Amino acid sequence: MITTKEKIEVYYKKLFPITRSLTGNGNRETIRILNEIINLNVSEFPTGEKVFDWAIPNEWNIKEAWIKKTNGEKIIDIANSNIHIMNYSEPIHAKFKLKELAAHLFYLVELPNAIPYKTSYYHRNWGFCLAYNDYKNNFNDDEEYEVYIDSELKEGSLSYADYCIEGNNRNEYLISTYFCHPSMVNDNLSGVLLTAFLAKELSKLTLNYSYRFVFIPETIGAITYCYKNEVKMKNLLGGFVVSCVGGPGKFGYKQTYLKNSFIDRIVDYTFSEKGIDYLKYPFEPQGSDERQYSSPGFRIPVGLITKDKFHEYEYYHTSLDDLSFAKPEYLLESLKLYLGVIKNLDANHNVVSLNPNCEPQLGRRGLYPTIGRRTIKSKSESYNELDVILWLLFYGDGSLTLFEIHEKTGINYAKIVDAAETLRRQNLINLIPVENRGEN
Amino acid sequence: MITTKEKIEVYYKKLFPITRSLTGNGNRETIRILNEIINLNVSEFPTGEKVFDWAIPNEWNIKEAWIKKTNGEKIIDIANSNIHIMNYSEPIHAKFKLKELAAHLFYLVELPNAIPYKTSYYHRNWGFCLAYNDYKNNFNDDEEYEVYIDSELKEGSLSYADYCIEGNNRNEYLISTYFCHPSMVNDNLSGVLLTAFLAKELSKLTLNYSYRFVFIPETIGAITYCYKNEVKMKNLLGGFVVSCVGGPGKFGYKQTYLKNSFIDRIVDYTFSEKGIDYLKYPFEPQGSDERQYSSPGFRIPVGLITKDKFHEYEYYHTSLDDLSFAKPEYLLESLKLYLGVIKNLDANHNVVSLNPNCEPQLGRRGLYPTIGRRTIKSKSESYNELDVILWLLFYGDGSLTLFEIHEKTGINYAKIVDAAETLRRQNLINLIPVENRGEN
Amino acid sequence: MITTKEKIEVYYKKLFPITRSLTGNGNRETIRILNEIINLNVSEFPTGEKVFDWAIPNEWNIKEAWIKKTNGEKIIDIANSNIHIMNYSEPIHAKFKLKELAAHLFYLVELPNAIPYKTSYYHRNWGFCLAYNDYKNNFNDDEEYEVYIDSELKEGSLSYADYCIEGNNRNEYLISTYFCHPSMVNDNLSGVLLTAFLAKELSKLTLNYSYRFVFIPETIGAITYCYKNEVKMKNLLGGFVVSCVGGPGKFGYKQTYLKNSFIDRIVDYTFSEKGIDYLKYPFEPQGSDERQYSSPGFRIPVGLITKDKFHEYEYYHTSLDDLSFAKPEYLLESLKLYLGVIKNLDANHNVVSLNPNCEPQLGRRGLYPTIGRRTIKSKSESYNELDVILWLLFYGDGSLTLFEIHEKTGINYAKIVDAAETLRRQNLINLIPVENRGEN
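Chains as they are written, first to last, in the numbering used here: chain S, 4 to 443; chain Z, 4 to 443; chain X, 4 to 443.
Bear in mind the hints are in silico, worked out from the structure with no lab data behind them. There may be inaccurate statements among the hints.
Chain copies aren't distinguished; within one or between two, either way the pair holds.
Lysine-lysine pairs mimicking PhoX-like chemistry, simulated, CA-CA at most 20 angstroms apart [what the hints assert, rightly or not]: (1) 262 with 411; (2) 17 with 330; (3) 10 with 207; (4) 235 with 339; (5) 203 with 66; (6) 411 with 283; (7) 8 with 203; (8) 139 with 72; (9) 157 with 53.
Everything numeric in this text was worked out from a predicted model, so none of it was measured.
The following block holds chain S by itself, in its conformation from the complex (with noise of 0.2 angstroms):
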């Protein structure tokens, strides 16, 4: 592995002042900063144009945004944190009363220090978000506040980024992140940071299968890419939306929709491979961009490996999720569990055998004992090469996966993977990709 924790950390860093948002000029410095890891594709749409049931808003920039006293102490200001700032919202110039102000105003009661996250993309409104305690301490019946927002919500475009890795074979998998948070970090810089060094781990590698990498804004740009992408997204074997993968708790896994494709299979198996015990979720049309990948016209079963999970985690949706909550080694781990179960989903094919009648002399291939033998069961006993190589010629007919002949059988996954590996040297059989989603 080529990532090291120095480099996520580095970043971290870059990524995590700028003010992402559905459209602006974050979004494109984000993007020109993961360019410096691999080499993205991207492309740009103009506000109004459709895309099925939606259009393409208004871009949204901001230069200033803050809340004055009238002795001109800036109470709230987003040079201190762009989360301070409700995303979208509109320019204003004016002063208010608390009470005026009131519904402008965000805070968390049950959670006093942190400011939370707040947007309003498709509903003209603004606002200002905050800590309770500043809130408690600043805001009083009788000042009057001076409002100032420097935004600008015009013509413009949406921007995204996509990275293909052809392998020997054109089936492909999803690998699919969002980008359209402003400076939290286990929602969701890790998750964009780990698609880019997983890409580029990948790149490095001789692949079976193709892998689609995808940045986009949360839903309008899951939409917008499934628009613009229709055949080929439709004809995905499945994937993965990387969110929530880097922070200090527990594993988890939302599954696909199909809840026992090879996708929730694989992860199932490589977590116990690994040893990690993880928390399931169930298949649920909340959550990120697999309510897209998920609907009837696509039906993409994509899965989420999370450390610390959306909704589940205290910090969630707030300041607080920043560099000192989701450290870089947690990153790490879960790249290493992502290329683990890319390396499994890799390696599953259907298996063909090339002498489907009756057995093949194995013997004079050297796969068989020459002297025939008298073996007497013992109980403990465990498959060895021969055992393996008859079940995968017996399952031969096409049918079966690897991984669904180790489901049957039993037998080891990564053990069945050299097994077939050396039947196909011998011309014994074919490696076909696999074409199915594992339904069962």
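With chain S's structure known, arrange chains Z and X on it following the hints.
The following block gives chains Z and X in isolation, referenced to the frame of chain S:
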């Protein structure tokens, strides 16, 4: 509901005394009285007509039947109860010693005050039924008995009636009952009246599906109805045989031959929705007209909701199954339950999203919060309307019905039906009539 | 049954001394003796002929083989036991010190009185097998040993035999056994004789299905048979490999590769019908000729009923597997069981009602009570003939077999077979030969 206990009582009293059988004037009189409740379509089929493997039998009518002692005392007389005569008895006038008469007398030692109900439809015979206590008191070996049966068995016709409600779509359910039993209430005046009142209640509603109500003599009537309406019957989605719905005992349900069709699952759901515990009877090819409807050529999944099911209650097929045993209020309970089942069945549709590619933009239809939320999950949380909407849109590929979505998600069926109606009004989904029987 | 313990004993004694192998005159002599029991159809295939991935090997015959000490004492001599010689040993005449001889001597330390059975069919080699106790007594480092093997390995042919019984229909089952083992009884003189006697027993009966009995050398023989009879073999419904059916131990059953085909379920049923407890061995692609028959190109579900299965008993593949170990009475038990299985298999048919629309009128065929009954159910009640008839007519859409109706209803299979025969005689159903393998 427009049906009352009092109305049920009126019709119980009108219908109870009539002598009914497979054929005959009592059946016509019964149909005439039911016609006061709903406007029936009546048919007659002549003796001898072939219906599948059967033929319409001779019509049977009876005027008088008694047994007299030599002293002129009538010890049995159908003027007292029409159950005294074995149904389809041939005429006779002769004197017998008990020895010769014995094979023609039927009583129940284990229920000594009850007159048993007997028939001999297809084998020429005659007989009297009486309480065992009366048998003991009135019969001895020395006496000579004068037997008189003034019955007629000759060419005539078989009568049945039906009533159809056309719903918004032509997919049809069957509600079938039999009226061939003479003076017994639970089996089956209760079924006959429930069917008539259910038809009346449903005729006041706007229904999605169509409903066919069938009033026939058991077996030969069902066979004739199937023969005469073969194509329509073979296209039915399912239905019910209404039998024994007026007893004082526990509710029961005899499954359709499919065991787990929509009919079965929706009945089960309706019982639990209403908090009613019930006995479950597995399908078997003994029973009532489900025998015909479930036959290989028809395969209509029909269930039976019962309150004191045939073969299961002590007074079954005896004179004790009378108005003091099977009271109007029991019938009213069964009617309410049937109405609940039909309501749930009628609401079930396949769901097809009109925006299958990614999610539709719910925000601009007022179905989505305008400000992004930060939700931390709690365990006890139940489904809100947005959750239900997202599940419906996710499943909206036409393959599942609302009831199946309830089963898959665990979300309350009524909530699902409501949310589907919201989405339909917003032009976001189509609700397609169910075409299949829900086998799973 | 015409087979007796005494007859088995006669043939055990005739066949035991013969030196058999993949090929050779011992095999021809074995077939000649089996021909006394049933009239076999014999085939020969020349050395070098390609059979799928294999080729017919050279024919092997042996006249003499021994090891002498320098004092002229023969310390091993195949005149005493043909197991002494490693099967397919090439000719040699030379003197060796123990050091050079060691790699050619085979014994079992854990079973010091047993001569192990060894083969080297496809790798030119020679060897002697002996009891460990004899090894210890007769061999030492100083002595020089004269080794003599007068064997012949040259172009010839492979012999096999088969026997076919044509039943009322052409759907065929396989009964396959192998005769390549020299003087060992349970493995597999027992299998060879059971197959011959089973063929003889069945040839005396009127059978519904056809049966193919195959006598071959293991592996190369099965492969040759599959190659020469490819179409017929690929159309087989299923069958048995008859191996190790004559030991003193418990009955066992190795499942077909389908695990749950008719073969498997009917074997299980027959064991329980006879009250016999048995060991169940899951399918695995190690074993006997089920390896070939189960291969992707053939996929014949073959099961193995065993009595001391290969790999499982201590004397397996040794000289101790002799007539004192595997007695004629054990074989007789296995034969009875096989006959029971075939009887049950042969009775199984799909049921098609000739009156699929509603019930046929059973009354006029004497199959229905003429007087209507009043039955109150009791819990303990079992199925009467009318119940069985109604279930058969209900299921009579051709999709289920009699055995499956037994499984679905829990009604005794023999009762079902009897009732089906009654209905067939009354022209109420057709019994259609089973075409599928009962996978479920």
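We went through each hint and held it up to the structure:
1. For the identical chains of this complex, residue 262 and residue 411 are neighbours both inside a copy (18 angstroms) and across copies (12 angstroms), given an alpha-carbon limit of 20 angstroms.
2. In this assembly of identical chains, the alpha carbons of residue 17 and residue 330 lie at most 20 angstroms apart only when taken from the same copy (14 angstroms versus 82 angstroms across copies).
3. In the homo-oligomer, the alpha carbons of residue 10 and residue 207 lie at most 20 angstroms apart inside one protomer (17 angstroms), although the nearest pairing across protomers, at 74 angstroms, exceeds that limit.
4. Taking CA atoms no more than 20 angstroms apart as the test, residue 235 paired with residue 339 passes in neither setting, with 28 angstroms inside one copy and 54 angstroms between copies.
5. When the C-alpha separation of residue 203 and residue 66 is checked against a cutoff of 20 angstroms, the pair qualifies neither within a copy, at 34 angstroms, nor between copies, at 71 angstroms.
6. Taking identical chains as interchangeable, the C-alpha atoms of residue 411 and residue 283 lie at most 20 angstroms apart only when they sit on different chains, with a minimum of 18 angstroms there against 23 angstroms within one chain.
7. Only within a single protomer do residue 8 and residue 203 lie at most 20 angstroms apart by alpha-carbon distance; the minimum there is 15 angstroms, versus 76 angstroms between protomers.
8. In this assembly of identical chains, the alpha carbons of residue 139 and residue 72 lie at most 20 angstroms apart only when taken from the same copy (14 angstroms versus 107 angstroms across copies).
9. With identical chains, the CA atoms of residue 157 and residue 53 are at most 20 angstroms apart within one copy only, with a shortest distance of 16 angstroms there and 78 angstroms across copies.
Against the hints set out earlier in the document, violations occur for numbers 4, 5.
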